[in-house]
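J.: Could you slot chain C onto chain Z? The hints should help.
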Amino acid sequence: MNILNMIPTIMMVTAPILITAIGGMICERSGVVNVALEGLMSIGACAAACTAFILQSTGAGGGSVWVGVLIAMLISGIISLIHAVAAIDLKANQTISGTGINLLADGITIFACQVLFGMDRTDTIPIRMHTDGLGFYPSFYIAIGVVVLSWFVLYKTPFGMHLRACGEHPAAADSVGINVRRVRYIGVFVSGVLGGLAGACAVMTQTTQFTSTLIGGRGFIALAAVAFGRWTPIGVLGASVLFGASQALSVLLSGTSIPSEVFNIIPYAITLIALIAFSGKDFAPRSAGLPYEKSSS
Amino acid sequence: MTKSSKSTNKTDQVWIDRLLASEGATSVLVVILGILSGTLIVALLGKNPSSLFKAIWQAFVGYYNKGKGAWSVGPLGDTLTYAIPYVLCGLSMGFANRVGLFNIGAEGQYTVGMLAAHAFAVCIPAFPGQWLFCMVVAVLAGAIWGGIVGILKAKFKISEVVATIMLNYIALYIYRLVALYLFPAGLTNRTYRTADLASTSILKGVFISESNLNIGFFFMILAVFVYWFIMEKTKLGFSFRATGFNKDAARCSGINDTQAISLSMAIAGAFAGLAGACVLLGSLKFGRIMQGQDNYGFMGIAVALVGNSKAPGIFLAGILFGALRSAYSLMQFMNIPREVVNIIEGLIVIFIALRAGLGKVQEYRAKQKIKKAREQEAAK
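Chains Z and C, in that order, give the protein sequences. Under our numbering, the residue at position 107 of the first sequence is numbered 107, and the numbers go up by one with no gaps. Under our numbering, the residue at position 376 of the second sequence is numbered 376, and the numbers go up by one with no gaps.
Hints in this document: simulated from the structure, not taken from any laboratory. Hints are supplied without guarantee of correctness; some may be wrong.
Straight-line alpha carbon distances no greater than 27 angstroms define the calculated DSS-like cross-link-like pairs of lysine-lysine that follow [to be verified]:
| hint | chain 1 | residue 1 | chain 2 | residue 2 |
| --- | --- | --- | --- | --- |
| 1 | C | LYS360 | C | LYS310 |
| 2 | C | LYS204 | Z | LYS91 |
| 3 | C | LYS360 | Z | LYS294 |
| 4 | C | LYS367 | C | LYS380 |
| 5 | C | LYS66 | C | LYS47 |
| 6 | C | LYS247 | Z | LYS294 |
| 7 | C | LYS360 | Z | LYS91 |
| 8 | Z | LYS91 | C | LYS369 |
| 9 | C | LYS369 | C | LYS380 |
| 10 | C | LYS367 | Z | LYS91 |
| 11 | C | LYS247 | C | LYS233 |
| 12 | C | LYS371 | Z | LYS91 |
| 13 | C | LYS247 | C | LYS157 |
| 14 | C | LYS233 | C | LYS310 |
| 15 | C | LYS157 | Z | LYS91 |
| 16 | Z | LYS294 | C | LYS380 |
| 17 | C | LYS155 | Z | LYS281 |
| 18 | C | LYS157 | Z | LYS281 |
Derived Cβ-Cβ restraints for the label pairs, each shown as a range [claimed, not checked]:
| hint | chain 1 | residue 1 | chain 2 | residue 2 | range |
| --- | --- | --- | --- | --- | --- |
| 19 | C | SER253 | Z | VAL176 | 34 to 44 angstroms |
| 20 | C | PHE245 | Z | PHE283 | 28 to 38 angstroms |
| 21 | Z | ASN179 | C | GLU377 | 31 to 41 angstroms |
| 22 | Z | ILE273 | C | LEU29 | 37 to 47 angstroms |
| 23 | Z | MET6 | C | GLY129 | 47 to 57 angstroms |
| 24 | Z | PHE283 | C | LYS204 | 46 to 56 angstroms |
| 25 | Z | LEU290 | C | CYS123 | 42 to 52 angstroms |
| 26 | Z | SER175 | C | GLN376 | 30 to 40 angstroms |
| 27 | Z | GLY238 | C | VAL178 | 23 to 33 angstroms |
| 28 | C | LEU45 | Z | TYR141 | 52 to 62 angstroms |
| 29 | C | VAL361 | Z | ILE258 | 49 to 59 angstroms |
| 30 | C | PHE156 | Z | SER175 | 26 to 36 angstroms |
Here are some chain C residues the structure puts well away from chain Z; computed CB gaps all over 12 angstroms [to be verified]:
| hint | residue |
| --- | --- |
| 31 | LEU19 |
| 32 | LEU20 |
| 33 | ASN48 |
| 34 | CYS252 |
| 35 | GLY287 |
| 36 | ARG288 |
| 37 | PHE298 |
| 38 | GLY313 |
Computed from a prediction, not measured in an experiment: that's the story for all the values here. Just so it is clear, CB atoms sit at the ideal spot from N, CA and C, and this is done for glycine as well.
One chain only, chain Z, in its complex shape:
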């Protein structure tokens, strides 16, 4: 098989991981760790599939795909606000509320399918995203756009500097008048919206319907990409492409002498090894995962 022919497939698999990872990166740079990415992707995928199917069954055309994508972004964004309230306002343990959303996502997605379709998955969506002349899905271009935009916002705008400050030293940011609470809310919400977008892209490109195994750990791969990519857009891009390629190869090279599980294991093993190798040098935002307590004095 020609490696060039594989590139569109690799990009198709990479796009959802990349979009989610950029969201996770922005969230962590603002100072909130979001382990709910997996669940947010799942909710987004389910919402997009249900919306598109329902619209298309009433006779809507290709535009329904994009309505589905928007609804997915909206719903995942709203669900992510649960995490925001818990992590920012109530100063709860961020891993607990993230885990809660992941468990909840398992329930509500299949529950919604049961209510709407009477089975544990959605029906087959007739119209999905189409490839262009080069074999790329729109999700590829969306992902590239998200990376460029995130880089621009993070490093070239005042807001980006505020966001990074809130993740490094919220007290210092607060002292110069930055609204830490507001910035962190935006960070979490963006990760929810991008998680929903990624889930929608996954269901509209890689498959024909939503099933409970569709996301299958890719939210956690995105989390790994954030750490392996050292919390920068370029790093996350590289990590996501690497992880996406290993995921794609596990499917593309199935039937050959190399078991697909070897490729599946790569993202997690590499990230773990990298964390050990980089240990001591701290690339993570200093205050990620720590609630900010405004001192009363």
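T.: Positioned in the frame of chain Z, the structure of chain C alone reads:
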């Protein structure tokens, strides 16, 4: 203000403050709130929510089997069978939690435990007492998998949350690689099961023959006692708890915090490893090749949180979540989507996270009390 009204006001205050301060009471509240939310969702669908309560009730007491003309306690057996891995994974999460660590990795530790038990049940010829042998290697495997995280945390300062998430998936794919390519193949369906487990490795059923309830249940109860004993009654447990309260203070008072973190993660892993052996040898009983995660490890997080990381609390919470899972199966035959159980489980964990907000209420009430006292002082 008359004397009598003042005193009733006082007792009233004490009642609410006690409730807010009691972890056990808020846990019960959180569970009730979760089930009520599930009820509301079912009601909003226009379905009768009583089926939900009926299923949960039957998960504890069983039901009347018309076909057999007899009372069936099978659902109770299922409840207790599910409770085995739930409690054990809850102990895994809880043990680490008491040392100030967040063990998302019970899932991976459970997986390697199951793999170790699988290996010793399928690759060596049958011999008496093989099941005990399998359980011991599962405990060791889980301990190693957990211990790795502890060492990474203690020596390399790597976040245990990230490390355990990675190790969960590494464990899953190692299981698949080993079971698919190294274990003897089953006669049919190579991709789903290996050769049969040796009959001497299967855990014996106990009490309720209509379910898979097995002697793993006694090991689970033993584990609860071991947890309680280590944590509350030994010097080691004290060093664990001290590290959990304040790592730096513990080190200053001569506690080896590096050892505490590594060792506690290994013990946490051992509990989850035992869960893996109990599920494979007690409930499944065939050479199963994992297709995806079983989620017992993740549910263990919920169990430990509801049980406030205390041995009796984890035991009760594990039984409760076992009942919810048993009810999930029963609801297949009732006219409501059984996934409402998953929603309840997720909401319970979210409500526990939101419970942190109760601290603010307490703070507010304490401030009000001081203010009132000052006003009264001023009035005098």
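J.: Look at each hint and say if it fits the structure.
T.: Against the structure, the hints come out as follows:
{"no.": "1", "hint": "C:LYS360 with C:LYS310", "verdict": "holds (24 angstroms)"}
{"no.": "2", "hint": "C:LYS204 with Z:LYS91", "verdict": "violated (47 angstroms)"}
{"no.": "3", "hint": "C:LYS360 with Z:LYS294", "verdict": "holds (14 angstroms)"}
{"no.": "4", "hint": "C:LYS367 with C:LYS380", "verdict": "holds (20 angstroms)"}
{"no.": "5", "hint": "C:LYS66 with C:LYS47", "verdict": "holds (25 angstroms)"}
{"no.": "6", "hint": "C:LYS247 with Z:LYS294", "verdict": "holds (24 angstroms)"}
{"no.": "7", "hint": "C:LYS360 with Z:LYS91", "verdict": "holds (10 angstroms)"}
{"no.": "8", "hint": "Z:LYS91 with C:LYS369", "verdict": "holds (24 angstroms)"}
{"no.": "9", "hint": "C:LYS369 with C:LYS380", "verdict": "holds (17 angstroms)"}
{"no.": "10", "hint": "C:LYS367 with Z:LYS91", "verdict": "holds (19 angstroms)"}
{"no.": "11", "hint": "C:LYS247 with C:LYS233", "verdict": "holds (20 angstroms)"}
{"no.": "12", "hint": "C:LYS371 with Z:LYS91", "verdict": "holds (25 angstroms)"}
{"no.": "13", "hint": "C:LYS247 with C:LYS157", "verdict": "holds (13 angstroms)"}
{"no.": "14", "hint": "C:LYS233 with C:LYS310", "verdict": "holds (13 angstroms)"}
{"no.": "15", "hint": "C:LYS157 with Z:LYS91", "verdict": "holds (23 angstroms)"}
{"no.": "16", "hint": "Z:LYS294 with C:LYS380", "verdict": "violated (36 angstroms)"}
{"no.": "17", "hint": "C:LYS155 with Z:LYS281", "verdict": "holds (14 angstroms)"}
{"no.": "18", "hint": "C:LYS157 with Z:LYS281", "verdict": "holds (10 angstroms)"}
{"no.": "19", "hint": "C:SER253 with Z:VAL176: 34 to 44 angstroms", "verdict": "holds (39 angstroms)"}
{"no.": "20", "hint": "C:PHE245 with Z:PHE283: 28 to 38 angstroms", "verdict": "holds (29 angstroms)"}
{"no.": "21", "hint": "Z:ASN179 with C:GLU377: 31 to 41 angstroms", "verdict": "holds (38 angstroms)"}
{"no.": "22", "hint": "Z:ILE273 with C:LEU29: 37 to 47 angstroms", "verdict": "holds (44 angstroms)"}
{"no.": "23", "hint": "Z:MET6 with C:GLY129: 47 to 57 angstroms", "verdict": "holds (52 angstroms)"}
{"no.": "24", "hint": "Z:PHE283 with C:LYS204: 46 to 56 angstroms", "verdict": "holds (52 angstroms)"}
{"no.": "25", "hint": "Z:LEU290 with C:CYS123: 42 to 52 angstroms", "verdict": "holds (47 angstroms)"}
{"no.": "26", "hint": "Z:SER175 with C:GLN376: 30 to 40 angstroms", "verdict": "holds (38 angstroms)"}
{"no.": "27", "hint": "Z:GLY238 with C:VAL178: 23 to 33 angstroms", "verdict": "holds (31 angstroms)"}
{"no.": "28", "hint": "C:LEU45 with Z:TYR141: 52 to 62 angstroms", "verdict": "violated (39 angstroms)"}
{"no.": "29", "hint": "C:VAL361 with Z:ILE258: 49 to 59 angstroms", "verdict": "holds (57 angstroms)"}
{"no.": "30", "hint": "C:PHE156 with Z:SER175: 26 to 36 angstroms", "verdict": "holds (33 angstroms)"}
{"no.": "31", "hint": "LEU19", "verdict": "holds (18 angstroms)"}
{"no.": "32", "hint": "LEU20", "verdict": "holds (14 angstroms)"}
{"no.": "33", "hint": "ASN48", "verdict": "holds (15 angstroms)"}
{"no.": "34", "hint": "CYS252", "verdict": "holds (22 angstroms)"}
{"no.": "35", "hint": "GLY287", "verdict": "holds (17 angstroms)"}
{"no.": "36", "hint": "ARG288", "verdict": "holds (16 angstroms)"}
{"no.": "37", "hint": "PHE298", "verdict": "violated (7 angstroms)"}
{"no.": "38", "hint": "GLY313", "verdict": "holds (16 angstroms)"}
In this structure, the earlier hints numbered 2, 16, 28, 37 are contradicted, and the remaining ones agree with it.
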